[in-house]
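A.B. asks: Once you've looked at the hints, dock chain C against the given chain Y.
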Amino acid sequence: MIFRNALRHRLRSGLTVLGIVVAVVAFGLLRTVVDAWYAGAEAASKSRLVSRNAISLVFSLPLAYSGKIRQIDGVKAVSYANWFGGVYVTEKNFFPQFAVHAPTYFDLYPEFVVPPAQMRDFQRDRKGALVGRRLADTYGFKVGDTVTLRGTIFPGNWDFVIRGIYDGAEKTTDVSQFFFQWDYLNETMRKIAPRRVNSIGVYVIGLTGADRAAEVAAAVDATFKNSLAETLTETEQAFQLGFVSMTEAIVVAIRIVSYLVIFIIMAVMANTMAMTVRERMTEYATMKALGFGGGHLAVLIFGEAFVISGCGALAGIFLTFPIAEKFGKATGTLFPAFRVHDETIHLQLACAALIAVVAALVPCWRAARIRIVDGLRNIG
Amino acid sequence: MNQSTKPVVEIRNLAKAYRRGDQVVPVLTDINLDIASGDYVALMGPSGSGKSTLLNLIAGIDKPDAGSLRVGGIDIVTLDEADLAAWRARNVGFIFQFYNLMPVLSAFENVELPLLLTDLGARERSEHVTTALEMVGLSDRMEHYPSELSGGQQQRVAIARAIVTDPTILVADEPTGDLDRASAEDILSLIDRLNRELGKTVIMVTHDPHAAAKARSIRQLDKGELAN
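Sequence lines, in order, name chains Y and C.
Counting with my numbering, you get residues 1 to 380 for the letters of the first sequence.
Counting with my numbering, you get residues 1 to 228 for the letters of the second sequence.
The shape of chain Y in the complex, shown without the other chains (with noise of 0.2 Å):
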């Protein structure tokens, strides 16, 4: 009965259906973008460090700063990197660029992985890069491939020579990333630009163990305390957060339209239900009056909104994959990764469950309150 009242008004409930297709992929998608702003927090290791200029990320560190860091207890390993900032064809074509000192960064990223050939040739060649899967999907590039990149930092044209093609070990592991060798940019930056040389933008410190990263983070900036260049040492993740918090308010404003798009079907679903359960008051008060109570007409009420909107959702999740691999695919390398959590699909499920329950909740109520004569004065 529940299911052949569902289908009563066929466009009704179809409309209604739509809607809440409509607002669950919405949501989803929105969630996705919001995951996707966190992605890089969320892949960061526990087990490493990231220093860099207590000031501000535009201020480097000297590269005489590595062999004291690698002295203090509880670290394993350093190496260091630099942002590049280049521009590839037109600013348009958005993607991290890090110049970074090859021999020792990618032992401390085991979630870069790197055939051991291509890795060889990069680590051999000066101008070589390595660049993410998805990074080379995006822009067709193959190994052996020259690639020009405009410098904004560091001024002129800068030349790579594709020289390897990094997966990730993990689903959350960035592969839209650019790398290239530091040795590259210095030795350049010697020849053109003399004051420049043998700056580092971050550190990338690996620890012994996670449980240490508040002692060893403490310890760096007390080694460049007072110096000219002083070091603020925080847990990848922190660092990370800290460019996400940069731009909460946006984050903050996607999250708030997520929900309102909730609450706008949760409107037009309570008056499909509220429009359906008064044309069928003369039937409630027919069942009540052959014995049937208040629990029967809930049971009816209730699980027609569930079967609506129940199916509203399980269509939108099953649409929210192939728009968000779109919509991923359509931000290019944007976003580090862009997929649809579990928790997502769980809040996707939640939301369907609470448009059907506030949508059933006040047409039930009035028609288990409806005296049975009212409910049958209403027929003629």
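The reader is advised that the hints may include incorrect statements.
[Stated by the list, open to error] Far from chain C by the CB rule (all over 10 Å, computed), these chain Y residues:
hint, residue
1, R10
2, A44
3, T90
4, F263
[Stated by the list, open to error] Under 7 Å between C-beta atoms, here's a sample of chain C residues computed to sit facing chain Y:
hint, residue
5, D62
6, N100
7, K214
Keep in mind that the hints were calculated from the coordinates and are not lab data.
These numbers were taken from a predicted model, which means no experiment stands behind them.
Using N, Cα and C, we set each Cβ at its ideal position, and we do this for glycine too.
C.D. replies: Just chain C, lined up with the frame of chain Y:
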């Protein structure tokens, strides 16, 4: 009324009034009525005389303001909503003017509906429903939906639904009010047969003197009082 049998409905000093704002409109005043088991009573009277209200009170779908009302030995005035619903399911068969069938259920499923409140299994329910539908002459229309049946056939389904639980009383509110003369005659004959052959106690509200003539006794209501 057959005086030799014990009354199945005993009404004493029953009163009911409706409120319209501050105004109290009396609908039934000091009603005293006995209906014997197996009787067939027609309640007649002009519009607003209170006959439908009296029927609703006897059927337990409305509550009086005063007086006592015993049906089958139970004072239904004292029952709470849940007990009253359970009592109706066991003891009252309803026949409405507009049939009040569930449009999404077939004739079979409509008749089965009240049996869902019993402990009967699917097979027993099916047997009961088939018997009831055969009794009203619709064994060949079991899978039809109300929209596929004529008015007379729909009312037959409603009668099958009313008798399927073997209730103590059958209450019918203008059962022929929405039917053409031929269909009305069929329905009245069917109700008459249920009374005579199965011994069902029937209480029927009607405006139609021809329908009332089928009953064994006619009680007139006027301005909320029993006239005879």
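A.B. asks: Could you work out which earlier hints the structure fails to respect and list their numbers in ascending sequence?
C.D. replies: Result: hint 7 breaks, nothing else.
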